[in-house]
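Enquirer: Following the hints, position chains Z and V against chain A.
Just so you know, the protein sequences line up as chains A, Z and V, in that order.
According to the working numbering, the first sequence holds residues 1 to 309 in order.
According to the working numbering, the second sequence holds residues 310 to 663 in order.
According to the working numbering, the third sequence holds residues 664 to 1161 in order.
Some hints could be false.
Okay, derived cross-link-like pairs now, DMTMM-like style, lysine to aspartate or glutamate, Cα gap no bigger than 20 Å in a straight line [said to hold, decoys possible]:
no.: 1; chain 1: Z; residue 1: K451; chain 2: A; residue 2: D302
no.: 2; chain 1: V; residue 1: K1055; chain 2: Z; residue 2: E531
no.: 3; chain 1: A; residue 1: K185; chain 2: V; residue 2: D678
One side only, chain Z facing chain A, incomplete, derived with CB under 10 Å [said to hold, decoys possible]:
no.: 4; residue: S352
no.: 5; residue: V353
no.: 6; residue: Y354
no.: 7; residue: S356
no.: 8; residue: K447
no.: 9; residue: W450
no.: 10; residue: N453
no.: 11; residue: F457
no.: 12; residue: Y463
no.: 13; residue: Y471
no.: 14; residue: Y474
no.: 15; residue: A631
no.: 16; residue: A637
no.: 17; residue: L639
no.: 18; residue: Y651
Hints were generated in silico from the structure; no laboratory data involved.
We put the CB at the ideal spot given by N, CA and C, even for glycine.
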Amino acid sequence: MDASFFTAAVVAGTPLLYAILGEVITEKAGNLNLGVEGMMLIGAVVGFKVALITQNPWLALGGAMIAGGIAALIYALLTVSLRANQVVTGLTLTIFGTGFSSFMGKNLMGEVVPDNIKLAFADFPLPLLSHIPVLGQVFFNQGILVYGGYIATILAGLYLYNTQIGLNLRAVGENTAAADAAGIKVSLYKYIHIIIGGVLCGLAGAYLSLVYIPSWQENVTAGRGWIAVALVIFCKWNPYRVLVGAFLFGGLDIIGFRLQKYSFYISQYLIDMLPYLVTIIILIVVSARKSISGLPPANLGDSYFREER
Amino acid sequence: MIKMSARSDCSKREATLIRTLAVVFALVTVSFFIMILGHNPISVYISMMDGAFGTGYRLLETLRKSVPLIITSIGISLAFRLKFWNIGAEGQIMMGAMGAAFIALNFPQLPAIILLPLMAFTAMISGGIWGLIPAYFKARWKTNETIFTLMMNYIALKFITYLQYGPWKDPAALGFPKIPNFSQNAVLPDIFGLHAGWVIAIILVILSHIFIKYTQPGYEIEVVGGSENTGRYAGMNVNKIIILTIFASGSICGLSGMIEASGVNRTLSVEITRGVGYTAIITSWLSYLKAPVIPIVCILFASMIQGGTFIQMAFQIPQSAAQILQGAILFFVLGSEFFIRYKISFVKQNIPEA
Amino acid sequence: MVNISKSFGDVKANDKISFSVKYGEIFALLGENGAGKSTLVNMLSGVYSPDIGEIYVHGQKLRLSSPADSIAAGIGMIHQHFKLIEVMTALENIAIGQEHSFILNKKNIRKKIDDICSKYGFKIDPEKLVRDMSVGEKQTVEILKVLYRGADILILDEPTAVLTPQESERLFDILIRMKEQGCSIILITHKLQEVMEISDRVCVLRHGRVIDTVNTKETTPMELTSMMVGKKVTLSIERPPVKSQEVVLEVRNLSLIDREGIKKLDDVSFKVYSGEILGIAGIAGSGQKELCESIQGIERRKRGEIIFKGENIARLTPRAIFEKGLRISFIPEDRLGMGLVPTMSIVDNVILKDYYMQKGIFLDRAVGEKRAEHIIKMLNVQTPDIYHPVNKLSGGNIQKILLGREIDSNPDFLVTAYPTRGLDIGSAHLIYDELNRQKEKGIGILYVGEDLNILLSLCDRIMVMFEGKIIGTVNAEDATKEEIGLMMLGEKATEVLQ
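With the rest of the complex left out, here is chain A (with noise of 0.2 Å):
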């Protein structure tokens, strides 16, 4: 394996990376979203349209993640005030974000992105931290997405654990009563954070339409979806074990590929069950050990409601 493999493992991250971001913020506030999926194909497929009409690329992702807050709305709308189911609401946002996505994308078939928007996301070098020998070649010569989202990370970690609002926001998430009582405004900081997950949602699936694979494909997320959400257990909801997980699997996502070369005799339908299968494993493995420290925030899925009589 080369560097070749490392560097093309982050560029396969980079749309975990956001989407498990958005989910981790989300679920911070406790709730559970399971309309990544849909978040993300519906920014994928927004992107992507204001790219061909814009021409513009920052025009394209803005469109991107404004999409991706709207689709998170609805869902914040239904279970933050309605009190709905938050795991059936989230499965519907993705029956409906696939559906919208497919719909929109009809007529995008065979598309491809505009060169000035591909150069806009090219690989650059970052000045001084491109020379440090391997690491400098894997992770700063990349694009400007991926320089974002290790920003996103530490900014996401900083804001969580030493800041007093990730702090309020933390305790909505443990215990809402408590932080009811302590005169924080819950809903509103779950509206803002949800809203902040699906906009994350929305650039993670505007880079995979625009930058990741560039011409128009349905289905582009391809279950990356589901697997961020599985991910934000395994990084025990840590921004900063986010970068792990997001990379970890991007690897395993094009190692398929890469096996092609050296054996052969696997189908490569069989290796394409790797990251489902290492998804399930990392499920079992967290489950069986319970430690304390990788609880989900107590009070994750619960709608609230104050004046309970």
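Expert: Same frame as chain A, now just chains Z and V:
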């Protein structure tokens, strides 16, 4: 100022009314988008109805599409009662179909009267096992079943793809990746013009209803689903109940797969499910897991799909529009639950803010 | 608070209540369970809003529509069920909800906490996780939380319900110190001794109305009781004498290590005689729950022996015990989470334990219907019909259904955990009477309780548990609250009595 409080006095009639209103609102909202696309929503909807029920042939198609939906919904509702979020119906259908296909392809000469039940049996075992695996881990270590079952879907899909392109590929298809057709013995007979699956569906609905309401195991499922600790307190073997129930859930979905493979497709392919595993989640939820309601909702949804295929040609509206419509309906019904469970009142301000 | 009224549906929880609290006083709100005390103060803390009436704080008329409003007005509520985040430290719990700073400056926060501690005499470790704290420590964190936000009106809701006598004394010392510093303290309680001990004035509520507000020095417990209950009531509980010396249950060397490797029961041995009520006292988490569940058979991971009527049932499941003809009834602490299925009807709940004895696969609910009707009549349960879901019943009625089901099966032994928690005096005494009735039939009863007065009146002997061990067993006739309180903290081991 808006005040929210829990209410306990919502009558069944009121609840049904609110939910029906929700569906109407969903239809109205989607019609706005139809208008944006430049079509008249009324004519689109009428066309859909026509496409679903307009002729005897179309009605049959609608019913044909509703069969796997009904059966899978029954299977899923069983798991949902335990609060086991079985998203793996897709995979369970596929594995069931695969099990049936294995038998059909390897024993084509057996008389139908033996072959068909054998296929059904194998399908149910395969689907059941596929559901059993995540259930075991949920019972043992509380492993998250939502993602587990979902991953199993992808694995099942890849496995069938592998079979279709590899070991089970039909040499007579001249390079086109396809699994051979079943022999005539392996095909479900028709009853009144539709393959026998519809009879099985009706039987399952009735059995399921009786099971939940009037039998002891059905009672146990309700108890464990309502409060697992209480089940333990009552001396129930909770783990066994979870595992058996989910096995049953998976095997019913597997049976659905066999029926599709044998009655409709007459072969196995990766498109065998057509998303039924996911749609059935919506339909069973909308039916509030109640067996008698499931056929109604499923036929309605099947009519949307069938109607959607019809208008695809007439209006150039892609098939995925049906998915959007389904999603919208569920969104609105989910939201309407709120108005059934809680009462909104407007309280007059009698104290000015300091 | 002036002329406050509030209703929930058809239930009028508070009816035209008015009272006022001065600076630097301890004001007690006395009333039995269900009298409307919690509803009233929840309006002060911003959780509920009054339907009618006004609230004046510091002379200003205010509308408190959220906890944030209440905090801003200087009101600090310390709830009966703590609102703390288990996985966070004391410091983090105190710091949540502040919104003026963006960066979390732990040093500043720590300093401010230290200042408050020295002012009032608290002692806490800011870096300790709430999960690792004792109940007393958790309560301290709750108090610090409100003081940190500058509260000078404190509301404490049944603060001593979960404390040992010693911890209660410590709390009272602190409250008096705070009063001297000018704080106003509203103490909600149903315990008369507390009211007499530290309050300056007391307001008695009954059925949602104010009966009277008096100076504590000018009234007597007798008078207060009759105001609380509305009639002359002897609050005493009968204690029929224990007739036999026959041992109905013997526990030998019972030990239990739970899933996380913590020792929950440590070599527990004791006997229970038929026709006696053995009380179990102890702070929460001392092993009472595990002991109850072990005896009933749910908890299977244990070592040791449990001899019931001559048979060792320690290895048996609840159903195996049932099938041997041994009837052990268990009323758990967690009524809706363990004793009943909340969403199911009364009928479905009363057949919970013996439905499987019916032959065949079908379920016959006729038995359940008869049983449900019997229980409703016997214990005076308020419900529209027998198919009403139990989670829609009031707390007292839920408990009655649970108790009714367990007693209806003619048990040989009864294990109850906090059976009268949250019930009004009428219902509570109904239950004590019922327990005594069972006792006179010769049944052995294990009674886990938290109110030492009740334990001392109702039980024949009291066993004190601490950290999974039995510290000592005393005769209820001779024991004192202080003695038991010390044992609850594991401090003194009395000779184990027969």
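Enquirer: A separate judgement is required for each hint: does it hold in the structure or not?
Expert: Okay, the hints, checked on the actual structure:
As the CA atoms of K451/Z and D302/A are separated by approximately 17 Å, the hinted pair is consistent with the 20 Å bound. Annotation: proposed proximity of K1055/V to E531/Z holds, straight-line Cα distance about 18 Å (limit 20 Å). Only pairs whose Cα atoms come within 20 Å are accepted, and K185/A paired with D678/V is rejected, the gap being roughly 30 Å. Checking S352/Z against chain A: minimum C-beta separation of about 19 Å lies over 10 Å; hint violated.
Hint status for V353/Z relative to chain A: violated, with the closest Cβ pair at about 14 Å, above 10 Å. The beta carbon of Y354/Z comes no nearer than 17 Å to any beta carbon in chain A, farther than 10 Å, and the hint placing it at the interface is violated. At a threshold of 10 Å, the smallest CB-CB gap from S356/Z to chain A is about 17 Å, leaving the interface hint violated. Checking K447/Z against chain A by beta carbon gives a least distance of about 9 Å; that is within 10 Å, so the hint holds.
The interface hint given for W450/Z is met, as the beta carbon of that residue sits about 4 Å from the closest beta carbon of chain A, less than 10 Å. Contact between N453/Z and chain A, as hinted, is supported at the beta carbon level, the nearest pair being about 6 Å apart and thus within 10 Å. Residue-level restraint check for F457/Z holds (minimum Cβ-Cβ distance to chain A is 6 Å; threshold 10 Å). A least Cβ separation of about 4 Å between Y463/Z and chain A falls short of the 10 Å threshold, and the interface hint therefore holds.
Annotation: interface hint on Y471/Z holds; nearest CB of chain A at approximately 4 Å, less than 10 Å. Interface hint at Y474/Z: satisfied, since its Cβ lies 7 Å from the closest Cβ of chain A, which is below the 10 Å cut-off. The criterion of a C-beta within 10 Å of any C-beta in chain A is met by A631/Z, whose closest approach is roughly 8 Å, and the hint holds. Against a cut-off of 10 Å between C-beta atoms, the interface hint on A637/Z holds, since the closest Cβ of chain A lies about 7 Å away.
Annotation: L639/Z was flagged as interfacial toward chain A, and the flag holds, the nearest CB pair being 5 Å apart, inside 10 Å. Residue-level restraint check for Y651/Z holds (minimum Cβ-Cβ distance to chain A is 8 Å; threshold 10 Å).
In summary, the structure is inconsistent with hints 3, 4, 5, 6 and 7 from the numbered list given earlier, while agreeing with the others.
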